[in-house]
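K.L.:
Each chain, letter by letter, is given below.
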Amino acid sequence: MSRILTMSRAGREALDWEMERRPEIFCLGEDVFKFGGIFGTMDGFGAKYGPERVISTPISETGFIGMAAGAAMAGMHPVVDLAYIDFIGVCYNVLLNCASKTHYMSGGSVKVPMTLLIGTGGGYNNAAQHSQCLHATVAHIPGAKVVYPSNAYDAKGMLHTALRDENFVIFLTHKGTAGVGWMGTPIKTTLSEVPDEPYTVPFGKVKVYREGRDVTITGLGMSVHESLKAAEELEKEGISAEVVDLRSLVPLDREGIIASVAKTGRLIVTDEDYLSYGVSGEVITTVTERDPGLFRRPPVRVTTPDIPIPFSRPMEQAILPLAGRIAEAARKLMA
Amino acid sequence: MTTPVTIPQDLWDEDDKTGSIVVWLYKDGAEVKEGDLIAEVLVEKVTLELLAPASGTLRIKVQPEVVVNKGDEVAVIE
Amino acid sequence: MQLTAEQRKGLLRTMALSRAFDDAMIALYWEGKLPIFQFGAGPLPGELHCSNGAEPVGAGICAALGPDDMITADHRPHHVAVARGVDLDRMAAELLGKKPGLSQGKGGHMHIYDPSVNFASSGIIAEGMAVAAGMALARRLQKRPGVAVAFIGEGAANQGAFHEVCNMVGLWKLPVIVVVQDNEWGVSTAKSESTAVERNADRAAGYAMAGEWVGTNDPDDIHAAAARAVARARAGEGGTILEVKTARLTGHFMGDQQAYIPEQMKQVDPIPPYREKLIREGVLTADEADAIEAEAKARMARAMAFAKAAPYPEPAEAFDHVFAGEAA
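Protein sequences, first through last, are from chains F, R and E. Just so we're aligned, residue 1 is where the first sequence starts under the numbering used here, counting upward by one. Just so we're aligned, residue 1 is where the second sequence starts under the numbering used here, counting upward by one. Just so we're aligned, residue 1 is where the third sequence starts under the numbering used here, counting upward by one.
Be a bit skeptical, because a hint or two may be false.
To be verified - Restricting the straight-line Cα-Cα distance to at most 25 angstroms, the calculated cross-link-like pairs of lysine-lysine (PhoX-like) are: (1) F:Lys236 to F:Lys205; (2) F:Lys332 to R:Lys61; (3) F:Lys229 to R:Lys27; (4) R:Lys61 to F:Lys48; (5) R:Lys33 to R:Lys45; (6) F:Lys207 to R:Lys27; (7) E:Lys245 to F:Lys34; (8) F:Lys34 to F:Lys48; (9) E:Lys266 to E:Lys277; (10) R:Lys45 to F:Lys34; (11) F:Lys48 to R:Lys27.
Derived by calculation from the structure, the hints in this document are not laboratory data. These numbers were taken from a predicted model, which means no experiment stands behind them.
Kindly generate the complete structure, drawing on both the sequences and the hints.
P.N.:
What follows is the structure, given as structure tokens:
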């Protein structure tokens, strides 16, 4: 096996394989027929599967994402491309009250198997309405699974898993990790050797990118790659960092997080989402609830602060959880 | 026999534009088949595909994030 | 209301200035981003949605408004902002993320705010619909004059917000004008592929609003329709959906190859025909028209020089302005 893929191509391969075999899967979203979705997950599908299964919609998110939920309840498995997570604002009811809760409210009698593909994140100066992560906002909703691969191998395996799941799955990808041309040259650590054949990556299992002794650094999406950069720097200084990709928020692999902290005794949680009421607090609480004695030093959060994402580059670069900030936090923790 | 892998003259329209390889989809030394997608080339914001002109062992000569022009030899297939 | 020769020269002047603004930004856009493409690099980082082709809409509508009136625009705001008289230097500085920018570098090109001329914009499609209607409601409650104008694209007319707001505007006879700029394309989706009716102006009937449709992308015609809509709004007769068949000459955003646009749907630049029309009708000479265009470019060059010379905000300023009433 020697073939290397971007996350974009890996995800596309999974969706293509499933669509070839399962007529209940169809694609829905703005510009998907001609443009193949924000990450090219449906690239070329318009020509291959035709306009009945690859449906370009009007700019009507409340309508078409709600229709996806309805189609799922009626026996289909829609795959919806919502481009930027900032846009959930206009269709939030479907996520919050319908797709996530119907199975429960129906006492298990109605299933809503649908996969919602969403791009997250900033770092490229697109300002406050096109740069948010908001994964905690969707992970807070009971009844929605939320996954967040950060490399090509996981993108393919987790999309196979999502498409075979009987539930509403929110499938997040940080724009900067996808390996699409408009975001520039892909980050090397997002690229993977990817098998031709289909495979699944289970939800609810962390991935340890690199093992370490001194400090656990958890990340998700882009912050995994910033953490890896920081870990490389730290290694030169004699600090051994373990980088753990959460990669699935619902379900969350609490045991995986605890196991790493039990080994290192120090925890830095990186997160490009806002600081408060989010994933970073959840990760720290997970360890604290098990045993606060696992911490040799108080845990640290390196996140985007509780401010809207500023447009101008000097300001945006200063507030993102980039490698420099992560490494600095690790040095302080080791001092 | 060695086949050069060059940036095709018709990969993009405008002759005055340059591109860059953004990713090699096989490692140096990998076996590739003629017609395999072996690299992505970026011109401005547009991703283009570079296909293997022959079957054999890929020897990469130009790494990602280096400017390439039409006709540049970026690899050979042995 | 017939436009005077001076007013029509003004329309050409406005359009030329808007075009000069966008052309200058386009010329700058790729600097630092190539040859190895990097989205966030260069003096003008991020996305850029230019208004080339839509200048007649901004010019024609804004010429029918007064200082009390209020405007919301969308992710493609430059032509409306220029026509409204938003400070050109500070708008240019904002696009470059500079400290003297309208938003001190916080907003960027989709988020242009200038309260001194009642102008706001947003990058979320159709968000400005409700905001404009709310501004009109505020003026009613304050017993102050003022018509609110929401500039949206034809794609935004398929958002729920469009329909909810139109209903309330009709129900409450609010002085709101919804300007639907039909440039035919929502990113790559043609209007015929997204919209159940041929003309959004026809939808006005369902909301007890007036409908106006302008098929020419000519600022004289757009102004005439706007003047009728404004007169109705000021007379307490309620709102209008005013749809204009306009153009999007430089794609959805910078780098859009527009391969999805078939040859027969290629669009026409509206500025040269208007210039020719004014010359033909004796409003101005070719030399005067040249002078207007040269002055627009010179004015924009000064704005760009201001923007380039201006300092960036300090990184720590990112924390300012989250809440009002705090020091910053």
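K.L.:
Indicate, hint by hint, whether the structure satisfies it.
P.N.:
Verification of the hints:
1. F:Lys236 to F:Lys205: Cα-Cα ~29 angstroms, so violated.
2. F:Lys332 to R:Lys61: violated (42 angstroms)
3. F:Lys229 to R:Lys27: holds (22 angstroms)
4. R:Lys61 to F:Lys48: The given pair, whose Cα atoms are some 35 angstroms apart, is violated under the 25 angstroms limit.
5. R:Lys33 to R:Lys45: Not OK: R:Lys33 and R:Lys45 at ~28 angstroms, beyond 25 angstroms, violated.
6. F:Lys207 to R:Lys27: holds (24 angstroms)
7. E:Lys245 to F:Lys34: holds (23 angstroms)
8. F:Lys34 to F:Lys48: Roughly 12 angstroms between the alpha carbons, so the hint for F:Lys34 and F:Lys48 holds.
9. E:Lys266 to E:Lys277: Given that 25 angstroms is the threshold and the Cα spacing comes to 22 angstroms, the pair holds.
10. R:Lys45 to F:Lys34: holds (17 angstroms)
11. F:Lys48 to R:Lys27: violated (29 angstroms)
Figure legend: structure checked against the earlier numbered hints; hints not met, in rising order: 1, 2, 4, 5, 11.
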